[in-house]
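So the protein sequences, as listed, match chains W and L.
Quick note on the working numbering: the first sequence kicks off at 1 and runs consecutively.
Quick note on the working numbering: the second sequence kicks off at 484 and runs consecutively.
Please keep in mind that the hints were generated in silico from the structure rather than gathered at the bench.
Heads up, a few of these hints could be off.
[Unchecked claim] With a straight-line cut-off of 16 Å between C-alpha atoms, the simulated EDC-like cross-links for lysine to aspartate or glutamate are:
{"hint": "1", "chain 1": "W", "residue 1": "Lys-144", "chain 2": "W", "residue 2": "Glu-26"}
{"hint": "2", "chain 1": "L", "residue 1": "Lys-485", "chain 2": "L", "residue 2": "Glu-520"}
{"hint": "3", "chain 1": "W", "residue 1": "Lys-101", "chain 2": "W", "residue 2": "Glu-26"}
{"hint": "4", "chain 1": "W", "residue 1": "Lys-190", "chain 2": "L", "residue 2": "Glu-618"}
{"hint": "5", "chain 1": "W", "residue 1": "Lys-190", "chain 2": "L", "residue 2": "Glu-615"}
{"hint": "6", "chain 1": "W", "residue 1": "Lys-94", "chain 2": "W", "residue 2": "Asp-133"}
{"hint": "7", "chain 1": "W", "residue 1": "Lys-192", "chain 2": "L", "residue 2": "Asp-492"}
{"hint": "8", "chain 1": "W", "residue 1": "Lys-172", "chain 2": "W", "residue 2": "Glu-157"}
{"hint": "9", "chain 1": "W", "residue 1": "Lys-190", "chain 2": "W", "residue 2": "Glu-176"}
{"hint": "10", "chain 1": "W", "residue 1": "Lys-109", "chain 2": "W", "residue 2": "Asp-133"}
{"hint": "11", "chain 1": "W", "residue 1": "Lys-144", "chain 2": "L", "residue 2": "Glu-615"}
{"hint": "12", "chain 1": "L", "residue 1": "Lys-591", "chain 2": "L", "residue 2": "Asp-492"}
{"hint": "13", "chain 1": "W", "residue 1": "Lys-243", "chain 2": "W", "residue 2": "Glu-232"}
{"hint": "14", "chain 1": "W", "residue 1": "Lys-94", "chain 2": "W", "residue 2": "Asp-32"}
{"hint": "15", "chain 1": "L", "residue 1": "Lys-591", "chain 2": "L", "residue 2": "Glu-618"}
{"hint": "16", "chain 1": "L", "residue 1": "Lys-485", "chain 2": "L", "residue 2": "Glu-561"}
{"hint": "17", "chain 1": "W", "residue 1": "Lys-243", "chain 2": "W", "residue 2": "Asp-133"}
{"hint": "18", "chain 1": "W", "residue 1": "Lys-105", "chain 2": "W", "residue 2": "Glu-123"}
{"hint": "19", "chain 1": "W", "residue 1": "Lys-172", "chain 2": "L", "residue 2": "Glu-618"}
{"hint": "20", "chain 1": "W", "residue 1": "Lys-192", "chain 2": "L", "residue 2": "Glu-618"}
{"hint": "21", "chain 1": "W", "residue 1": "Lys-183", "chain 2": "L", "residue 2": "Asp-512"}
[Stated by the list, open to error] The following residues of chain L were derived to be distant from chain W, with all beta-carbon distances above 10 Å:
{"hint": "22", "residue": "Ala-493"}
{"hint": "23", "residue": "Glu-561"}
{"hint": "24", "residue": "Pro-629"}
{"hint": "25", "residue": "Arg-654"}
{"hint": "26", "residue": "Ser-667"}
{"hint": "27", "residue": "Pro-668"}
{"hint": "28", "residue": "Val-683"}
{"hint": "29", "residue": "Thr-712"}
[Stated by the list, open to error] Covered by chain L, according to a simulated footprint, are these stretches of chain W (three or more residues, beta-carbon under 8 Å):
{"hint": "30", "stretch": "146-155"}
{"hint": "31", "stretch": "185-197"}
Each residue gets a CB set at the ideal place from its N, CA and C atoms; glycine is no exception.
Residue-level listing of the chains:
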Amino acid sequence: MECSLEGSNARIIAKAIQSLSKVGKELFIEADSDGLQMRTINSTQSAMGSMRFHRSMFNTFYLPPGGDCTCKITMKACLGVFRNMKQVEHCELKVLANRTKFQVKLRCKLETMKQALISIVDEQNITTAVAADNSPNIIRGDHKLFMEISNSFNSAEEELTLEAQTDSLTAKNYVEGARVNDKFMRSQLKLKPTEFEHYQVAQGGTVITFCIKEFRAFLLFAEALNAELTLEFDDAGSPFFVKIQKHREIECLLILSTLSPEDVSFSEDYCQREMSVHEQSNGAQKRKSSTPGAGSALQQKRHMATMETTLSSTDGDASLFQFPERPARTANANSSVRRAANETNLNSTANASQTQTRQPHSGSHTDVPSIPQARLLLEGDTVDLADSEADEEALLLAAADAAEASQPTSIEVCFFNTEDVPSTQVPSQAADENDDDEIIPQSPERDNNKMRTIFSRCFQNTYVPREPSPNSQIYAANSDAED
Amino acid sequence: MKFRAQIQDALYMREFQGIIATLSKLAKDCVMILGRERLHFIVNEEHSSTSAPLVWITIAARDYFPEYKMTPARDDQEFIVLAMSASHLNRAFAALRSGGSSTVLSCKMKLQMIQFPCLSVIATVTSPSSAEPREVVHDVPVAIIPASDWSAYMLPKVPSAQFVLCLSSMRLLRSLIDKLKNISPNLVFHGSAAGELNLVAESDMATITTRFKRLLQSMAATETPSTVTESSCSVDSRKTSAFFNALQLPNEELNIGIDNEHCIHLQLDIRENVILHSILPAVCI
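Only chain W is shown next, with the shape it has when bound in the complex (with noise of 0.2 Å):
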């Protein structure tokens, strides 16, 4: 990949970066014949960042002869490259041949030039599993509105509650009765609809809470463009959208998670289980144990109903971001290790054993050519599920088959309910396993594992009250001569 950019554009791009950060601490790149594409990701993974810049904004552009382009690299080092850009005439971006740095050149005025090297971290891509269209209440306003709006809010906030009714708009530090700590000052600001561009709220309204910082960093790069802000949402758990767009050029979509309505208290563990982490393996350098050919896709699934609609993500209309050509491997170690955090003791000893079976397998087999396979994973959250929602568990194990059946090399990861396994996956898998042509080889679950075990330890009950230390010898008798 090669690009090069005038400087006001440059600048243009030095803000996105800046915004970006405050999301995330890395930085997807992504070219394609569209144009250049940043994302972040934060580390719950409870609001994803993507910013489109298109290819009219750039001088030139080239794709690498193999068509899109995609790398990682860390956001601290990239933040010090696109720091001071006031004298930045001319910009080129470049991606070197082996792909292991990212060349950034900076013409500065009087003939200065600035080079930096960032070196790739992983050629790696992240993609969402949500529908960013369709959702029944959109509100859209200049940028100076909602910099009011969030100005009215102290810094130190985190979260921001938007009550939209049909009538009125209320922004709230608060949830209507939740918090009772006295020494919280409450604030609100209730705005008219005809404040804003457009205003379109489904009827009876709506209460969303969402995390106010990655909002406003990306208030702050609308201001910088001008532009108007556009928010969308559904209801109170399902995503939160902002999105900016200036003259088709640029296009920016904010995902945001949105506190569930259920659970106030622990709504951290609904945040990060809105997003999946599809990943492009940099071949076996990085990963030796990796199967090169077989790909997966991770299939989150969401509490939500609504999510449904992004049940297949390998069919290629519901994720945002996709790779149809090439085969991406999942990451979901993340997720799994949250999961296992959330599991009962005795369901995670339970995954443990299952993964402990398989393990000896999946290292033996590395060379076999890739064939679908449905892995079982607990799903620990799901055990408060209603008969509704086992059908959708049918559903998805449904869906799945179709795109083993559509799309051989896929798998299709599930996650199913304790009780909902049906009793005939276990042996079919393990007559699976003694086949051996047809095996492909698990992703490796080493990390999960060894993760497992580490946080399956943080809830257990290690502080013994007649211990005070493990160390618990004296150097010092007792000073009190009394006793």
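Please arrange chain L on chain W, whose structure you already have, making use of the hints.
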């Protein structure tokens, strides 16, 4: 127990905001005493740090608020006494600081019970970007102080000073004290019947005396006209500086009362019936 007040005049609102901003610069917590006719704020000296001086403000409610309703908990009581965070209160009134951009139509204060007692500050603001008025509500959590504890929160008495000198502009005094605090931990205020105020800062290396001459003597000092011709008091310079740095009001006139070897009383007349007082106690050298 009920309280409700409303301001509508933009000038009063800005002034009220200035008063609260001053309070929030002085201390973390402030006490609000709601009387039938007057509204008082007290910022008490914090026990942990000695840098904040004792400041209290008295506001005649009728002049300031077109609507002012206060009903005490019991009929025989005179006050409602509330303690609250000064910074919260400042944030709540920050919307009134209309910097030419937005205009505030009205501001209401209400004592409410929302899970815990709150002083709700409701401002109706029109921003420049749109004609529609917005409603900004802040619920400042307050602690209601029971009548049995009121004795600790009563308004201090204005000390009887030998001289009260009126300084027409405190701009010079403010910057001077800011510099003198780096030289000496103590400042000596020296007043004389001739209308002269000497400000003395002493260190090992130097003694700096600043003379303010031909100051007007306030009428309050005429009780003992002939007996005393001079009076001086040494005060903590950090505390003095803290007072001047906290002031967020446009007023420039300051009355300095000197009670010999006892205390300095600073009085800022924001307007008639709206007065800010401060007492700087004497320190031993």
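Results for each hint:
1. Lys-144/W <-> Glu-26/W: Not satisfied, since the Cα-Cα distance of roughly 29 Å exceeds 16 Å.
2. Lys-485/L <-> Glu-520/L: This hinted pair holds, its Cα atoms lying about 15 Å apart.
3. Lys-101/W <-> Glu-26/W: 15 Å, holds
4. Lys-190/W <-> Glu-618/L: 5 Å, holds
5. Lys-190/W <-> Glu-615/L: 11 Å, holds
6. Lys-94/W <-> Asp-133/W: 33 Å, violated
7. Lys-192/W <-> Asp-492/L: With Cα atoms ~24 Å apart, Lys-192/W and Asp-492/L exceed 16 Å; violated.
8. Lys-172/W <-> Glu-157/W: 10 Å, holds
9. Lys-190/W <-> Glu-176/W: 14 Å, holds
10. Lys-109/W <-> Asp-133/W: With a Cα-Cα distance of about 43 Å, the restraint between Lys-109/W and Asp-133/W is violated, given a limit of 16 Å.
11. Lys-144/W <-> Glu-615/L: Between Lys-144/W and Glu-615/L the Cα gap is close to 15 Å, so the pair holds against 16 Å.
12. Lys-591/L <-> Asp-492/L: 12 Å, holds
13. Lys-243/W <-> Glu-232/W: With a Cα-Cα distance of about 8 Å, the restraint between Lys-243/W and Glu-232/W holds, given a limit of 16 Å.
14. Lys-94/W <-> Asp-32/W: The given pair, whose Cα atoms are some 14 Å apart, holds under the 16 Å limit.
15. Lys-591/L <-> Glu-618/L: At roughly 11 Å apart (the allowed maximum being 16 Å), Glu-618/L and Lys-591/L satisfy the hint.
16. Lys-485/L <-> Glu-561/L: It holds: about 12 Å lies between the C-alpha atoms, which stays within 16 Å.
17. Lys-243/W <-> Asp-133/W: Holds, because 11 Å separates the two Cα atoms, which is no more than 16 Å.
18. Lys-105/W <-> Glu-123/W: This hinted pair is violated, its Cα atoms lying about 21 Å apart.
19. Lys-172/W <-> Glu-618/L: Distance ~12 Å between Lys-172/W and Glu-618/L Cα, so the pair holds.
20. Lys-192/W <-> Glu-618/L: Cα-Cα ~9 Å, so holds.
21. Lys-183/W <-> Asp-512/L: Measuring from Cα to Cα gives roughly 12 Å; hence the hint holds.
22. Ala-493: 19 Å, holds
23. Glu-561: With a cut-off of 10 Å, Glu-561/L remains clear of chain W, as the shortest Cβ separation is near 26 Å.
24. Pro-629: 16 Å, holds
25. Arg-654: 31 Å, holds
26. Ser-667: 38 Å, holds
27. Pro-668: Pro-668/L is indeed farther than 10 Å from all Cβ atoms of chain W, at 35 Å.
28. Val-683: 43 Å, holds
29. Thr-712: 53 Å, holds
30. 146-155: Three-residue rule met by the stretch 146-155 of chain W, so holds; n is 3.
31. 185-197: holds (count 10)
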